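Colleague: The chain contents come next:
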Amino acid sequence: MKAKIYVTLKRGIHDPQGHAIHQSLATLGFEAINEVRLGKFVEVDIEEHDQEKAEATVKNMCDKLLANPVIENYRYELFSS
Amino acid sequence: MNVGVISFPGSNCDRDCHFVCNDILKQSSRLIWHQETSLKNIDLVILPGGFSYGDYLRTGAIARFSPIMDSIIEFASHGGLVLGICNGFQILLEVGLLPGAMLRNTHLSFICENVSIKVENADTPFTNQFSVDQILNIPIAHAEGNYYADSTTLSTLHEHGQIVFRYCSGNGTLTNESNPNGSLDHIAGICNQTRNVLGMMPHPERSAEAVLGSTDGILLFNSVLNTFEKSES
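As they're listed, the protein sequences go chains A and B.
With the working numbering applied, the first sequence covers 1 to 81.
With the working numbering applied, the second sequence covers 1 to 233.
Read the hints as simulated data drawn from the structure, not as lab findings.
Wrong hints could be hidden among the right ones.
Stated by the list, open to error - Sample of chain A residues with no beta-carbon within 10 Å of chain B, all distances over it, derived:
hint, residue
1, K4
2, Y6
3, T8
4, I13
5, G29
6, E31
7, A32
8, I33
9, N34
10, E35
11, E43
12, V44
13, E55
14, R75
As the list claims (entries may be wrong) - Derived CB-CB ranges, DEER-like:
hint, chain 1, residue 1, chain 2, residue 2, range
15, B, E229, A, N60, 41 to 49 Å
16, A, S80, B, E159, 49 to 57 Å
17, B, C112, A, I21, 22 to 30 Å
18, A, A32, B, S169, 21 to 29 Å
19, A, S80, B, H107, 39 to 47 Å
Computed from a predicted model, the values in this text were never measured in an experiment.
Ideal placement from N, C-alpha and C gives every residue a C-beta, glycine not left out.
Next up, chain B with everything else stripped away, as it sits in the complex (with noise of 0.2 Å):
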């Protein structure tokens, strides 16, 4: 599996996502600058976390622009992977490519902590490694997590399954305690309708590997690559 990880001026987990696909995932993966205008041979490209251009306007507002974002949609809309985490999935949001916005979170600190989630849908090329309802612990790192959707966005989401991971108690009860950042309806990760682009806030990257404290994340990464084996077995 050949991996694309865009370099923004200001990210800051792209060298880590490139790490898990590259030494632990043991797959082809590059750094991608992002004037950079194709993306080449890729089956999975990833938009990671950080502070693209000092979070300037709104998260992700400016980086959405980036030339090699035309690429990006087009590589997405012939159904090619696409994973945006953090700063990743701001930047999907503001393009488009899912719906709905972020929000500062309600207390308004930046959140630097590890959080549970659980699996909402195992479905997806990004979640068959894990089964439905299964809990992970999980770190974030934002101070824009609070996302926001219309009545009708977020029914629509609903009804279509493309809410993949929410906020949850250690035990995966749904409490306001346990929404870290005020997000409606407790959403830590979404996916579009055609589930082959998934953003989520919390760090996979970070959690891949046991001396981090946790492995849930690595699955996550071996969803993508059993999805990309299947679909050249």
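Pulled out of the complex, with its shape left as it was, chain A reads as follows (with noise of 0.2 Å):
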């Protein structure tokens, strides 16, 4: 299966990649923003056909690694490949 996985900071934590591509977007000519927030993408293909068994692995690899808990939250779809 394939999982896409998305990490991205906490709201509340100052995301200044953000805030800079926001201003950046602003001088382009896009002021209809409230807010920018930059996070990361990870795809991962796992050799696992079994849903359940595929998200708790998806789960535990961004429990242990792919997000730090302090700062991000993560979220995931999962896909047969």
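Since each chain comes alone in its own frame, lean on the hints to assemble the complex.
Modeller: Next up, the structure:
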């Protein structure tokens, strides 16, 4: 299965990169923007066909490595590859 | 004193730390490759600065799973002295030996300059040769030194005297201008509750000789040596 994993900074944590992108977009004329938050996208191809097992694996890898629970949240989508 | 300086792929201050311990402090120091699994006979572990694993994913995130890390966690849990400088501090946060996390510097740039920090706690194995409120002139060089912790963690840090160094102005005042990276509460270095693990963003090894423009950093290494000698006598 394939997992698409999105890692984002928690609400309330200052995101200087998102802020800089926001300012740059405003300079380009995109003025109707409330906020920009920058995150990470990770795609993982897992040798597993069972949805439940794949999900458990993805959660485990997010908790251990892909996200830092002090500052980040994650969510994921699973697809059959 | 036997010092072990851990070399990760991408470490670039390992030899500087080794030089300070070996050539200035005149102690036995060896570089330990991250693939090793045992510390053997070591009294101080240094996790040096640099860009371990290219800072991929998050700074320190991949280095924390290096084979040597299990023995460092074990060593620290028995009171062994562990010093993390810059990227070493980031690794200590990722591995959970110190609380909190690092964010990108507020102004996003990589900052390489001398700053003033002041000593908040001179009663640790790493700072006993300093005095409280002593102001140090010391270099920083990082893009992710913006320390963050939630409010509960911050209170705990204060309560247990775990904040060891804070960024300040030349006369010791905590101003926004003197906080180079936006770090929470001006934090430049913290220790664990048992005070045997210290993480700091500034580089004491780069301010350990007069030729480098400051000798303030050598006092940190002298403190560790003093701690070691006392424990031996």
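Colleague: Now tell me, hint by hint, if it's right for this structure.
Modeller: Status of each hint after checking the structure:
Separation of K4 of chain A from chain B is adequate, the least Cβ-Cβ distance of about 16 Å exceeding the 10 Å criterion. Chain B leaves Y6 of chain A outside its interface by the beta-carbon criterion, the shortest separation being 14 Å against a cut-off of 10 Å. Residue-level check passed: T8 of chain A sits 13 Å from the nearest beta carbon of chain B, beyond 10 Å. Distance check for I13 of chain A against chain B: the nearest CB is about 7 Å away, which does not clear 10 Å, and the non-interface claim fails.
Non-interface call for G29 of chain A relative to chain B: holds, since the shortest CB-CB distance, roughly 22 Å, exceeds 10 Å. Remark: the non-interface label on E31 of chain A is consistent with the geometry, its nearest Cβ contact in chain B lying 22 Å away (cut-off 10 Å). The claim that A32 of chain A lies off the interface holds: its Cβ sits roughly 24 Å from the closest Cβ of chain B, which is beyond the 10 Å cut-off. The claim that I33 of chain A lies off the interface holds: its Cβ sits roughly 19 Å from the closest Cβ of chain B, which is beyond the 10 Å cut-off.
For N34 of chain A, the shortest C-beta to C-beta distance to chain B comes to about 21 Å, beyond the 10 Å cut-off, and the non-interface label holds. Taking the minimum C-beta to C-beta distance to chain B, about 17 Å, the non-interface status of E35 of chain A holds against the 10 Å cut. With 10 Å as the threshold on Cβ separation, the claim that E43 of chain A sits away from chain B holds: the shortest Cβ distance comes to roughly 14 Å. Interface exclusion of V44 of chain A from chain B stands, the closest Cβ pair being 13 Å apart, more than 10 Å.
The Cβ of E55 of chain A lies farther than 10 Å from every Cβ of chain B, with a closest approach of about 21 Å, so its non-interface assignment holds. Distance check on R75 of chain A: its Cβ is at least 17 Å (rounded) from any Cβ of chain B, clearing the 10 Å threshold; non-interface status holds. The hint said 41 to 49 Å for the Cβ distance between E229 of chain B and N60 of chain A, and at roughly 45 Å that hint holds. At about 51 Å, the CB distance of S80 of chain A to E159 of chain B agrees with the hint of 49 to 57 Å.
The hint said 22 to 30 Å for the Cβ distance between C112 of chain B and I21 of chain A, and at roughly 24 Å that hint holds. At about 40 Å, the beta-carbon gap between A32 of chain A and S169 of chain B misses the expected band of 21 to 29 Å. Range check, S80 of chain A to H107 of chain B: Cβ separation about 44 Å, and the 39 to 47 Å hint holds.
Hint violations for this structure: numbers 4, 18, all remaining hints satisfied.
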